[in-house]
Amino acid sequence: MTAPLVTIGLEVHVQLNTKSKLFSSSSTEFGHQPNKMTSEIDVGLPGTLPVINKEAVIKAAMFALSIDAQLNEKSIFARKNYFYPDLPKSYQITQEAYPIIGEGVLKVDNKEIRIERAHLEEDAGKSIHDGHSSYTLIDLNRAGQPLLEIVTKPDITSAQEAIKYLKKLHHLVRYIDISDGNMQEGSFRCDANISIRMSSDEPLGTRVEIKNLNSFRFIEKAIDYEVSRQHLALMNNEKIIQETRLFQESSGKTLSMRSKENAADYRYFPEPDLPPLVITEALIQQAKDNLPTLPEKRVQELMLSTHLSMDEAEMVTTSRATEYFYSECVKKTNTQSYKTIYNLIFGELSALINKNQKSIGFQSVKPEHIALIADYLSEKKISQPMAKEIINALWHTNNGSVDKIIQEKGLRLVHDDSKLIQLIEKVVHSFPEQAQQYKDGKTKLLSFFVGQIMKETKGNADPGTLSKLLSKYLKESL
Amino acid sequence: MKNLHTQSIRELIKLIENRLISAYELTSYFCDRIQTYNSKINAVISFDKDIALDQAKQIDHRITKKKSSPLQGIPILQKDLICSTKFKTTCGSKMLANYQSPFNAHVVNLCDAEGLIEIGKTNMDEFAMGSSNETSYFGNVLNPWEHTRVPGGSSGGAAAAVAAGFAPLATGSDTGGSIRQPSSFCGLTGLKPTYGAVSRNGLIAFASSLDQIGPMAKSAEDCAYLMDVITKKDPKDSTSQQYDMQFVDYLKNDIPPKIKIGIPKELKNFTIDSSVEKAFGETVQSLKGLNVEFVEISLSSMELALPAYYIIAPAECSSNLARYNGALFGYRHEGDNSLQEMYSKTRTEGFGKEVKRRIIIGTFVLSKGFQGQYYQKALSLCHNLKMEFKKIFSICDFILTPTISTPAFEFNAYKNPVEMYQSDLFTIPANLCGLPAISFQAGMHGKLPIGAQLIGNHFKDHELLQLVHHFQKATGWHEIYPEDYQ
Numbered sequence: 003m004t005a006p007l008v009t010i011g012l013e014v015h016v017q018l019n020t021k022s023k024l025f026s027s028s029s030t031e032f033g034h035q036p037n038k039m040t041s042e043i044d045v046g047l048p049g050t051l052p053v054i055n056k057e058a059v060i061k062a063a064m065f066a067l068s069i070d071a072q073l074n075e076k077s078i079f080a081r082k083n084y085f086y087p088d089l090p091k092s093y094q095i096t097q098e099a100y101p102i103i104g105e106g107v108l109k110v111d112n113k114e115i116r117i118e119r120a121h122l123e124e125d126a127g128k129s130i131h132d133g134h135s136s137y138t139l140i141d142l143n144r145a146g147q148p149l150l151e152i153v154t155k156p157d158i159t160s161a162q163e164a165i166k167y168l169k170k171l172h173h174l175v176r177y178i179d180i181s182d183g184n185m186q187e188g189s190f191r192c193d194a195n196i197s198i199r200m201s202s203d204e205p206l207g208t209r210v211e212i213k214n215l216n217s218f219r220f221i222e223k224a225i226d227y228e229v230s231r232q233h234l235a236l237m238n239n240e241k242i243i244q245e246t247r248l249f250q251e252s253s254g255k256t257l258s259m260r261s262k263e264n265a266a267d268y269r270y271f272p273e274p275d276l277p278p279l280v281i282t283e284a285l286i287q288q289a290k291d292n293l294p295t296l297p298e299k300r301v302q303e304l305m306l307s308t309h310l311s312m313d314e315a316e317m318v319t320t321s322r323a324t325e326y327f328y329s330e331c332v333k334k335t336n337t338q339s340y341k342t343i344y345n346l347i348f349g350e351l352s353a354l355i356n357k358n359q360k361s362i363g364f365q366s367v368k369p370e371h372i373a374l375i376a377d378y379l380s381e382k383k384i385s386q387p388m389a390k391e392i393i394n395a396l397w398h399t400n401n402g403s404v405d406k407i408i409q410e411k412g413l414r415l416v417h418d419d420s421k422l423i424q425l426i427e428k429v430v431h432s433f434p435e436q437a438q439q440y441k442d443g444k445t446k447l448l449s450f451f452v453g454q455i456m457k458e459t460k461g462n463a464d465p466g467t468l469s470k471l472l473s474k475y476l477k478e479s480l
Numbered sequence: 030m031k032n033l034h035t036q037s038i039r040e041l042i043k044l045i046e047n048r049l050i051s052a053y054e055l056t057s058y059f060c061d062r063i064q065t066y067n068s069k070i071n072a073v074i075s076f077d078k079d080i081a082l083d084q085a086k087q088i089d090h091r092i093t094k095k096k097s098s099p100l101q102g103i104p105i106l107q108k109d110l111i112c113s114t115k116f117k118t119t120c121g122s123k124m125l126a127n128y129q130s131p132f133n134a135h136v137v138n139l140c141d142a143e144g145l146i147e148i149g150k151t152n153m154d155e156f157a158m159g160s161s162n163e164t165s166y167f168g169n170v171l172n173p174w175e176h177t178r179v180p181g182g183s184s185g186g187a188a189a190a191v192a193a194g195f196a197p198l199a200t201g202s203d204t205g206g207s208i209r210q211p212s213s214f215c216g217l218t219g220l221k222p223t224y225g226a227v228s229r230n231g232l233i234a235f236a237s238s239l240d241q242i243g244p245m246a247k248s249a250e251d252c253a254y255l256m257d258v259i260t261k262k263d264p265k266d267s268t269s270q271q272y273d274m275q276f277v278d279y280l281k282n283d284i285p286p287k288i289k290i291g292i293p294k295e296l297k298n299f300t301i302d303s304s305v306e307k308a309f310g311e312t313v314q315s316l317k318g319l320n321v322e323f324v325e326i327s328l329s330s331m332e333l334a335l336p337a338y339y340i341i342a343p344a345e346c347s348s349n350l351a352r353y354n355g356a357l358f359g360y361r362h363e364g365d366n367s368l369q370e371m372y373s374k375t376r377t378e379g380f381g382k383e384v385k386r387r388i389i390i391g392t393f394v395l396s397k398g399f400q401g402q403y404y405q406k407a408l409s410l411c412h413n414l415k416m417e418f419k420k421i422f423s424i425c426d427f428i429l430t431p432t433i434s435t436p437a438f439e440f441n442a443y444k445n446p447v448e449m450y451q452s453d454l455f456t457i458p459a460n461l462c463g464l465p466a467i468s469f470q471a472g473m474h475g476k477l478p479i480g481a482q483l484i485g486n487h488f489k490d491h492e493l494l495q496l497v498h499h500f501q502k503a504t505g506w507h508e509i510y511p512e513d514y515q
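Just so you know, the sequences run in chain order A and B. Each residue of the first sequence is one higher than the last, beginning at 3 in this note's numbering. Each residue of the second sequence is one higher than the last, beginning at 30 in this note's numbering.
Just so you know, these hints were derived from the structure itself, not from any lab. Take these hints with a grain of salt, some might be off.
[As the list claims (entries may be wrong)] Listed next, the in silico SDA-like pairs over lysine to any residue satisfying Cα-Cα at most 20 Å (straight line):
| id | chain 1 | residue 1 | chain 2 | residue 2 |
| --- | --- | --- | --- | --- |
| 1 | B | 382 | B | 399 |
| 2 | A | 128 | B | 369 |
| 3 | A | 38 | B | 266 |
| 4 | A | 82 | B | 408 |
| 5 | B | 262 | A | 53 |
| 6 | B | 31 | B | 44 |
| 7 | A | 82 | B | 392 |
| 8 | B | 265 | A | 29 |
| 9 | B | 415 | A | 278 |
| 10 | B | 297 | B | 314 |
| 11 | B | 265 | A | 406 |
| 12 | B | 265 | A | 42 |
| 13 | A | 406 | A | 420 |
| 14 | B | 265 | A | 41 |
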């Protein structure tokens with residue numbers, strides 16, 4: 003049995019992280035009491051009119067610039083008409099024939115996935131059916147949230163490739179800070195159009211759409227299931243019907259929702275309440291100003307300027323916040339201790355962040371702290387365990403100072419030779435037996451003396467200097 | 030004080046400024062007229078003397094001689110599709126019969142800020158769909174000039190109310206003639222402003238790309254006073270535009286020399302009542318007396334404007350009115366229904382026949398497979414019409430037509446809705462092209478007033494008002510009042 007050729011096109015709904023909704027000034031914050039984040043516009047009260055949120059337009063423009071896509075100077079909003087209780091106006095304001103963003107490309111592992119278009123639209127509210135047999139609850143907090151729907155051409159050939167594309171896109175929208183990408187909260191949802199054929203000579207097979215996938219794992223499962231379902235159907239000489247299917251998480255199967263014959267007629271027409279959306283040069287400039295150096299370019303920069311390996315540089319650019327934190331540290335170090343900074347961030351600091359389920363940038367350990375600790379490490383003023391202790395102390399203090407912690411805890415390496423020699427004399431003399439054994443050739447006892455002296459100094463002696471002085475003393479004095 | 034309802038706004042302002050009358054007395058006067066006469070004509074559907082007098086008291090507190098707010102203390106009636114927190118906003122429909130808006134329309138806020146007294150809301154065709162005010166859930170409005178006649182629509186309540194002297198000013202809204210046609214039937218001056226000149230924020234939508242709020246009053250000058258208040262760009266309406274104009278001041282100037290008015294030669298293709306023809310001819314003569322020149326023009330797309338309108342307006346209405354389904358607000362059919370049943374029963378019971386007819390037409394013309402045949406074609410007709418107007422306004426300043434081909438007709442005059450639609454022929458082109466147009470009284474036929482319409486180029490509303498103002502000074506047609514409401 004030969005494997006079928008799979009053709010996939012993806013539509014991703016990215017919720018833009020603007021302060022207010024797409025057409026009203028209501029807040030977009032998640033997690034509030036139902037229907038608290040609504041205005042008369044979101045509820046669709048008679049007489050209300052939409053006003054486009056400029057921030058959403060700028061974020062859309064940032065996306066277009068980031069993938070070098072066509073940014074249309076003029077785009078048109080349209081009404082998509084259908085009845086549902088969580089759609090207060092009974093139409094969704096979206097863009098149909100004239101979207102804000104035209105063709106572009108997203109490169110995934112050296113393969114170009116072509117973007118067909120991306121458009122702005124408002125989200126609907128939520129219907130809550132569970133728990134009540136006789137009624138449905140409506141929460142309109144989500145109604146009017148800004149979405150950017152990003153549509154690919156049918157360029158994807160496997161579930162794995164789809165996931166790679168989605169992860170890349172997910173990383174990008176978070177990195178350029180146009181979305182929080184929170185999949186549990188529905189800020190990044192995906193519809194997949196899937197068809198198969200048995201050979202590349204055949205025309206594309208009948209397309210089936212799977213709607214509302216909201217985790218990478220489910221997307222992969224859904225596509226894989228759908229491909230084998232279609233394959234099996236073809237093997238049995240069944241016809242694949244054009245339809246919309248839903249992925250059922252519990253069974254891992256896709257189930258038919260509606261066929262093409264029953265597809266709704268949305269009666270699109272231009273939204274008369276909104277003039278055409280015009281992208282001005284000034285707006286493009288604003289988008290450019292807001293756009294950070296893109297991850298791929300930043301990786302190259304970091305490798306060159308801070309001598310990180312590619313893996314390390316990619317690690318730094320996992321998120322905008324991490325990249326920012328690292329870059330701030332780099333700016334503040336006086337000893338160019340980039341590698342040490344990297345190790346501190348992805349070692350002790352990451353451990354604390356993960357343990358406490360915080361995100362980088364919000365903790366009390368600041369870039370200037372990390373930079374200073376790295377400097378002290380390079381200057382051998384402190385030891386690695388001391389660095390760890392300082393970071394832990396900083397984590398638990400607000401506006402903590404590295405020097406103050408060092409002073410309070412006495413965390414400074416002793417470099418002073420005369421002071422160390424005094425200690426060495428004292429310790430060696432208090433262990434005459436061991437000194438004799440050392441003299442007799444049991445040189446392993448060097449570490450015993452180091453340990454004893456460290457105990458005396460509470461670990462503050464610089465180990466390198468100490469062992470040098472100690473072996474010299476033992477050789478000469480005994 | 031007697032006969033305050035026959036005074037012009039200019040005179041009322043003087044009375045208030047000179048403390049010859051208080052806002053309270055003036056408001057009482059008009060409220061009393063509503064209480065006395067409204068039961069005869071059913072023009073006002075929301076009215077509360079206490080609410081009106083409370084506002085008047087506050088205004089009397091703050092009245093100064095300052096010219097900054099000339100209309101303070103002057104009563105006004107709002108059409109009942111303009112949202113106001115003082116009264117219900119019903120749209121003349123069972124669907125919103127108990128609807129209380131939690132916010133004010135931009136226009137209402139501007140009127141409040143000016144110090145106008147909102148004394149009530151006027152009856153109207155349901156959701157502004159109708160030409161005779163026969164589709165209101167709250168019953169017919171009677172024409173004060175002759176009670177067997179319709180007042181016109183959809184702003185029939187506003188027209189009848191001002192004609193009967195219930196208020197010196199009223200707002201109307203005009204989607205295909207809803208200010209101008211009732212103004213013509215009731216002997217008023219009514220202006221449909223340039224699209225975008227007045228914010229639609231808080232105007233309950235019928236057809237968003239055509240709807241426009243405008244003033245209705247006895248004279249062009251009275252309309253100008255209201256235009257000075259309501260033409261302020263509104264950030265909450267993306268289609269609203271800045272219109273920098275002092276309308277009343279502009280009227281004081283003489284009309285510019287060499288004004289040219291075009292008369293479409295296509296008028297002769299339509300059946301026009303002889304009484305309207307006669308008044309039209311006399312209007313031309315009176316205007317010539319003002320040194321206005323007439324030219325013949327061609328407006329060949331005029332005939333196609335009507336079918337285009339009856340596609341575009343229903344298309345938009347089918348979408349605008351989809352929110353009235355029982356889910357969130359307004360009338361709901363109660364009972365153990367499925368969602369589909371709730372929708373269908375709510376809309377079946379909540380909407381009247383005419384509204385349902387237009388929703389169905391609109392839904393049909395937007396359907397897959399039919400858009401190209403209807404909606405797209407209508408849009409391209411609109412485009413042609415705009416091009417034609419552009420050409421016309423390069424050779425003349427205004428276009429003169431009758432407002433409507435007949436005087437006010439009798440109730441149930443049209444058995445077939447399409448026949449009634451056809452009566453909107455002269456008023457529709459201005460809406461399709463966003464142009465300002467004004468209807469003013471131009472004659473009488475027996476007891477009934479007859480109107481004429483002037484159409485101007487975009488943002489020439491002030492010039493329209495000025496020309497009609499001078500016409501009215503010369504002819505005095507605006508100073509006739511219906512017999513029973515002296």
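Quiz item: Has the given pair, residue 31 of chain B with residue 44 of chain B, been kept, meaning a C-alpha gap of at most 20 Å?
Solution: Within the cut-off at roughly 13 Å; holds.
Quiz item: Going straight from one Cα to the other, do residue 415 of chain B and residue 278 of chain A come out at no more than 20 Å?
Solution: holds (18 Å)
Quiz item: Keeping to a limit of 20 Å between CA atoms, is the pair of residue 82 of chain A and residue 408 of chain B held or broken?
Solution: Holds, at about 18 Å.
Quiz item: Is the hinted pair residue 297 of chain B and residue 314 of chain B satisfied, with a Cα-Cα distance of at most 20 Å?
Solution: Distance of about 18 Å is within 20 Å: holds.
Quiz item: Can the restraint linking residue 262 of chain B and residue 53 of chain A be considered satisfied, given a maximum Cα separation of 20 Å?
Solution: Roughly 14 Å between the alpha carbons, so the hint for residue 262 of chain B and residue 53 of chain A holds.
Quiz item: Taking 20 Å as the top limit, are the C-alpha atoms of residue 265 of chain B and residue 42 of chain A close enough?
Solution: Satisfied, since the Cα-Cα distance of roughly 12 Å is no more than 20 Å.
Quiz item: Taken at face value, is the distance from the CA of residue 392 of chain B to the CA of residue 82 of chain A at most 20 Å?
Solution: holds (12 Å)
Quiz item: Is it true that the CA of residue 265 of chain B sits at most 20 Å from the CA of residue 29 of chain A?
Solution: holds (17 Å)
Quiz item: Is the straight-line distance between the alpha-carbon of residue 406 of chain A and that of residue 420 of chain A 20 Å or less?
Solution: With Cα atoms ~26 Å apart, residue 406 of chain A and residue 420 of chain A exceed 20 Å; violated.
Quiz item: Would the pair residue 128 of chain A and residue 369 of chain B pass a check requiring their Cα atoms to be no farther apart than 20 Å?
Solution: holds (18 Å)
Quiz item: Can the restraint linking residue 265 of chain B and residue 41 of chain A be considered satisfied, given a maximum Cα separation of 20 Å?
Solution: holds (13 Å)
Quiz item: Within 20 Å, alpha carbon to alpha carbon, are residue 382 of chain B and residue 399 of chain B?
Solution: Outside the cut-off at roughly 24 Å; violated.
Going through the hint list in order, the structure does not satisfy hints 1, 3, 11, 13.
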